[in-house]
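Heads up: the protein sequence lines correspond to chains L and U, in order. Note that this note's numbering has the first sequence beginning at 17, numbered continuously upward. Note that this note's numbering has the second sequence beginning at 332, numbered continuously upward.
Incorrect hints may have been included.
Here's a subset of chain U near chain L, in silico, CB distances under 8 Å, partners left out [as the list claims (entries may be wrong)]:
1. T421
2. I423
3. Y486
4. G491
5. H507
6. L511
7. L519
8. K525
9. G537
10. E562
11. N565
12. H630
13. E674
14. G678
15. T870
16. A881
Honestly, the hints are just simulated from the structure, not real lab data. These numbers were taken from a predicted model, which means no experiment stands behind them. We treat Cβ as the ideally placed atom computed from N, Cα and C, and that holds for glycine.
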Amino acid sequence: MSKQECSCATPRQVATGDRAILPEGARTIPIYVMGKRYEVPETLTIMKAMEFAGFKFLRGAGCRGGICGACPTVYRKEGDYKLYFGLACQTVVEPNMYLAQIPFYPANRAQYEIDTIKPAAESIHALYPELFRCVACNNCTKACPMGVEVLDYISAIKQGDIARAARLSFDCIQCGMCASRCMGELPQYHIAQLTRRIYGKYIQPRAEHLEKRVAEIESGKYDATLKDLQSMDKEKLEKLYKEREREPDMAPLGTWMPKDTQYL
Amino acid sequence: MGYTPEMKELIKRVEATRPARVERARRGENFPALSLEERAVVLEKFHPDYQKEGRRAVRVGRDKGLVLPDEIATMLESRSMLRPDKVDLTKIDFDTDVLIVGAGGGGSSAALLASNSGLKVIMATKLRHGDANTMMAEGGIQAATQECDSPFYHYLDTIGGGHFTNQPDLVAALAHDAPLSIAWLESLGMIFNKLPDGRLDARHFGGSSRKRMNSSGDMTGAEIMRVLRDEVRNRRDRITVLEFCPAVELLLDETGKCAGAILYNMETREFFIARAKAVVIATGGNGRLHIKGFATTNHYGATMDGVVMCYRAGVGTTCLPSTQYHPTGVAYPEQNVGLLITEKVRGLGAHVLNNEGEQFCFPLEPRDVESAELIKEAVEVQKAVLTPTGRYGLWLDSPMIDLLHGEGTVRRELPAKFIQFARHGIDISKEPMLVYPTLHYQNGGIAINADCETVIPGLYSAGECTGGVHGENRLMGNSLQDVITFGRRAGVSAAAYVKKGVELKKLTLDHVAGYEKELAEAGIDNPMVAPILLPDYATDEVASRRMAEAIQEAE
Numbered sequence: 017m018s019k020q021e022c023s024c025a026t027p028r029q030v031a032t033g034d035r036a037i038l039p040e041g042a043r044t045i046p047i048y049v050m051g052k053r054y055e056v057p058e059t060l061t062i063m064k065a066m067e068f069a070g071f072k073f074l075r076g077a078g079c080r081g082g083i084c085g086a087c088p089t090v091y092r093k094e095g096d097y098k099l100y101f102g103l104a105c106q107t108v109v110e111p112n113m114y115l116a117q118i119p120f121y122p123a124n125r126a127q128y129e130i131d132t133i134k135p136a137a138e139s140i141h142a143l144y145p146e147l148f149r150c151v152a153c154n155n156c157t158k159a160c161p162m163g164v165e166v167l168d169y170i171s172a173i174k175q176g177d178i179a180r181a182a183r184l185s186f187d188c189i190q191c192g193m194c195a196s197r198c199m200g201e202l203p204q205y206h207i208a209q210l211t212r213r214i215y216g217k218y219i220q221p222r223a224e225h226l227e228k229r230v231a232e233i234e235s236g237k238y239d240a241t242l243k244d245l246q247s248m249d250k251e252k253l254e255k256l257y258k259e260r261e262r263e264p265d266m267a268p269l270g271t272w273m274p275k276d277t278q279y280l
Numbered sequence: 332m333g334y335t336p337e338m339k340e341l342i343k344r345v346e347a348t349r350p351a352r353v354e355r356a357r358r359g360e361n362f363p364a365l366s367l368e369e370r371a372v373v374l375e376k377f378h379p380d381y382q383k384e385g386r387r388a389v390r391v392g393r394d395k396g397l398v399l400p401d402e403i404a405t406m407l408e409s410r411s412m413l414r415p416d417k418v419d420l421t422k423i424d425f426d427t428d429v430l431i432v433g434a435g436g437g438g439s440s441a442a443l444l445a446s447n448s449g450l451k452v453i454m455a456t457k458l459r460h461g462d463a464n465t466m467m468a469e470g471g472i473q474a475a476t477q478e479c480d481s482p483f484y485h486y487l488d489t490i491g492g493g494h495f496t497n498q499p500d501l502v503a504a505l506a507h508d509a510p511l512s513i514a515w516l517e518s519l520g521m522i523f524n525k526l527p528d529g530r531l532d533a534r535h536f537g538g539s540s541r542k543r544m545n546s547s548g549d550m551t552g553a554e555i556m557r558v559l560r561d562e563v564r565n566r567r568d569r570i571t572v573l574e575f576c577p578a579v580e581l582l583l584d585e586t587g588k589c590a591g592a593i594l595y596n597m598e599t600r601e602f603f604i605a606r607a608k609a610v611v612i613a614t615g616g617n618g619r620l621h622i623k624g625f626a627t628t629n630h631y632g633a634t635m636d637g638v639v640m641c642y643r644a645g646v647g648t649t650c651l652p653s654t655q656y657h658p659t660g661v662a663y664p665e666q667n668v669g670l671l672i673t674e675k676v677r678g679l680g681a682h683v684l685n686n687e688g689e690q691f692c693f694p695l696e697p698r699d700v701e702s703a704e705l706i707k708e709a710v711e712v713q714k715a716v717l718t719p720t721g722r723y724g725l726w727l728d729s730p731m732i733d734l735l736h737g738e739g740t741v742r743r744e745l746p747a748k749f750i751q752f753a754r755h756g757i758d759i760s761k762e763p764m765l766v767y768p769t770l771h772y773q774n775g776g777i778a779i780n781a782d783c784e785t786v787i788p789g790l791y792s793a794g795e796c797t798g799g800v801h802g803e804n805r806l807m808g809n810s811l812q813d814v815i816t817f818g819r820r821a822g823v824s825a826a827a828y829v830k831k832g833v834e835l836k837k838l839t840l841d842h843v844a845g846y847e848k849e850l851a852e853a854g855i856d857n858p859m860v861a862p863i864l865l866p867d868y869a870t871d872e873v874a875s876r877r878m879a880e881a882i883q884e885a886e
C-alpha cells in the first residue's frame, strides 16, 4: 500500500490505512498475547496492537467494526481474578493484560425447514432439547461482548415467549462466547437464530402493501415504464428528476399521495 | 479512556471559539460555501478521484488506457500467484454445477437461488461465511413498496443520484426486483422495523423522493446476513461452503467458457482444482486497498479479488475509476477509525474546525467537496490534529447541537453515535468528535448485464465487485438492495445456463499465461502478485526484521 503523499514543507509521519504507527513522544505499554510480551502503543485496540506487534490475522478478524463476531477475545489483568470478554476490534489495550483470541468455538446446529416448521416454542424445544440443561448460572450473559441478556432470552424460549426472545437476542453477533462458557453445553446463538426467524416469518405481522406491490410487479405492471426509462435521453431524465414531488417528512406512512399518479 | 491530556488542551481552543460561533449560527450566518469555480479547484487539487497525481492509465488488458487510481491500476497489472504451466489441471478435486466465489449477501443469495433448482453448489470464501461488507451496512435497504412510490421513482432517484452515469438496464433491474427482494427476505424470516399493522417503517434518505429506506434496527445488513447464512446452513445437502478457501484464479475450458476456479486453502496452503459448469463472482469491494492511504469503512477482506481474476480472464469494467469517500469518518478513538459519522451531525449545525478551533469550510458542501476541503486543511494548511496513533483529524463540534437545539438533542437525534463514543469515554454532547474522510464504496467494477452475465459464457457476477448499477455515486440503501437483487439474479441465470446443458472441454489457464505475456510486452517487469486476499498491516520496523531479502525458506 502506498504512503499518503504529503506536499507540505515539513512532512511528518502519519498513519495510513489501518496500519498503526508510534508517533514521536507517544507511550507504549506491555501486553501479553498468549503469554508472550509485546510493547504496543497505548490507545490501540487489541486487534491493531497485535498487528502493530507483527501478527497477521487469518482467523480472528472480520468487519473490524464490532458487528461480525470474528474476534472474540478473553483476557485477565494482573492481580485480578476476573475473566474478561471483549471484541479485539473494540477493546482498547491495557497494561499487563493477558489475552487470547477465540475465533471459533464448536457448537452444534439443528437442521430445519423454515417453510414447514410449526411456529411454536415446542418446535424449538424439540430441535434443541439441551435447552432444559440450562442451570441459570448466567455465565453466558457475563461472557457476551455485546451485552445481550443471553440467560433471559434462553429463559424466554423455555417459557415459550418467542417474541421476547427475538427482541432480547436481536443484537447477537454469533461470536460463540456464550456457548464457550455454558455449563449446560447449549449452543445459545443457534437457538436464538432459529427463534428470530420463526418470529420474523410467522409472528411479526406481514407487510400487506408489500404483498400488493409484489403482485403488481409480477403482473408486469411496471415493465413498459421501466423500458421507457432505459431508452430515455439524459435531458428528459433530468427534467423528470427535477420535477419529482417529495413525500413530506411528517406525513404518516401510507397517507400521502403525489399529484401526478401516472407512474404509480 | 476518552481524549488524552494533549487532546484535551486542544479542545480548549474549540471551546474558546464556540460561543461566538454559536452566536453567528443563531443569526443564521455560516462560513461561506464555495463557488462552483472554487469547488472545481479544491476537488482538482485534493479529492482523490479528481487528482491527476496518484492516478495513471492501466497498461494492459481489456480496458487498457483507462485512468485509474495507482493502487487499482497496479492491482490489474498483477501476475498470478500460480505458474500457469506448472499446474496439473487433469486432477479434479471438486466437481460441481455452480461455483460461487464470495460468501457475503450477494454470494449467499446466489447460492440459495441456484440451489432452488436442485443444482449442486459450492460457495468458496476467504474468511468465514458472512464476513463481508453486507454485514456492516447499518442504515437500510431501498425498495419501492409504498402506495405513493413505484419502481419508476426508485429508478429516477437512483440514476439522478448517480449523475446519470449509471447503466440503465441495471438500474431498471434494481428498481423492478427491490420489492421482490424484501418479500423474499421477509419469507425467510428476516425481522424488519414495522408498524403494529405490519407496514414497513420506511424512511427518507439523501436523494430520495419517497420514504423508501427499510431497515432492521441499526443493523440491517447484519440481520440480512444472519438470515441468509442460516438458510444456506439448512441446505447443506445442496450447498457446500468452503471457508478460508478463496479462489485465486479462474479456469476456462479450451472453447473459452468459464469452467471453475483454482481454490486455495489459506490454512494448509493447498490448492484445489474446482471444476464448475458456471461460476458466480461475488467478492465485494476494494476499501482495503486503502487508496491514497485512506482509512476505510470496509471489511478486512475487501481487496478486489474478483475484479483482478475476471480482468485477467478478459472481462472489462464499468465505472471502475470512481470510489465513494465519506467526508466524516472517525479519526479517534482508534477502535472506531474509518467508521462513519452520519451527515446528520452537520445537518444539525455542528461546525468542522481545525486544530486552532477555527472554521475553514461550509459544513454541508456536497460529499466530495467536503472531503476535499478536510484533506486540504490537513495536508496543505497543516492545521489538523495529530492523534496518538498518528492520524489526521479535524474537529466536528457536536456540542454546538445542544446549544442550538436544546439540551438532550444529541442523545435523542444521534443515539447510536452517542453510545458508540460514550463506550470509549467521550460524551459527544460535551466534547467534539475527530473526523477525517474515509473510503466507503467501490462504485465501479466488473461489467455485467441485467442477467449478471459477463462477456465470458458461464461467468456471472453480482454485488459491489460489479459496476454500473450506481454510476459514479451510490445512494444510501442501494448497496444492500444491489447484493440481494443481483445475487438472486446471478443464481437464477447461472442455474438456467447449467440446466440448458453445459459440456466442459479440457481445462486451461492459457488466459493467465497470455496475460503475463502481455505484461512482459508492456514492459511491466516486476508485477505484484494478486489477488492479495488480505491486507498486511505490519509496521515498517516489523517488516524490516522479516529480512525478506536475506531469508531462504526451509523446505
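Hints versus structure:
1. T421: violated (30 Å)
2. I423: Given a least distance of 26 Å, the restraint on U:I423 is violated.
3. Y486: holds (5 Å)
4. G491: Where the cut-off is 8 Å and the nearest Cβ of chain L is about 4 Å from U:G491, the hint holds.
5. H507: holds (6 Å)
6. L511: Where the cut-off is 8 Å and the nearest Cβ of chain L is about 6 Å from U:L511, the hint holds.
7. L519: holds (7 Å)
8. K525: OK, holds: U:K525 within 8 Å of chain L, min 6 Å.
9. G537: violated (12 Å)
10. E562: With a closest approach of 7 Å, the U:E562 hint holds.
11. N565: holds (6 Å)
12. H630: holds (5 Å)
13. E674: violated (16 Å)
14. G678: violated (13 Å)
15. T870: holds (6 Å)
16. A881: violated (17 Å)
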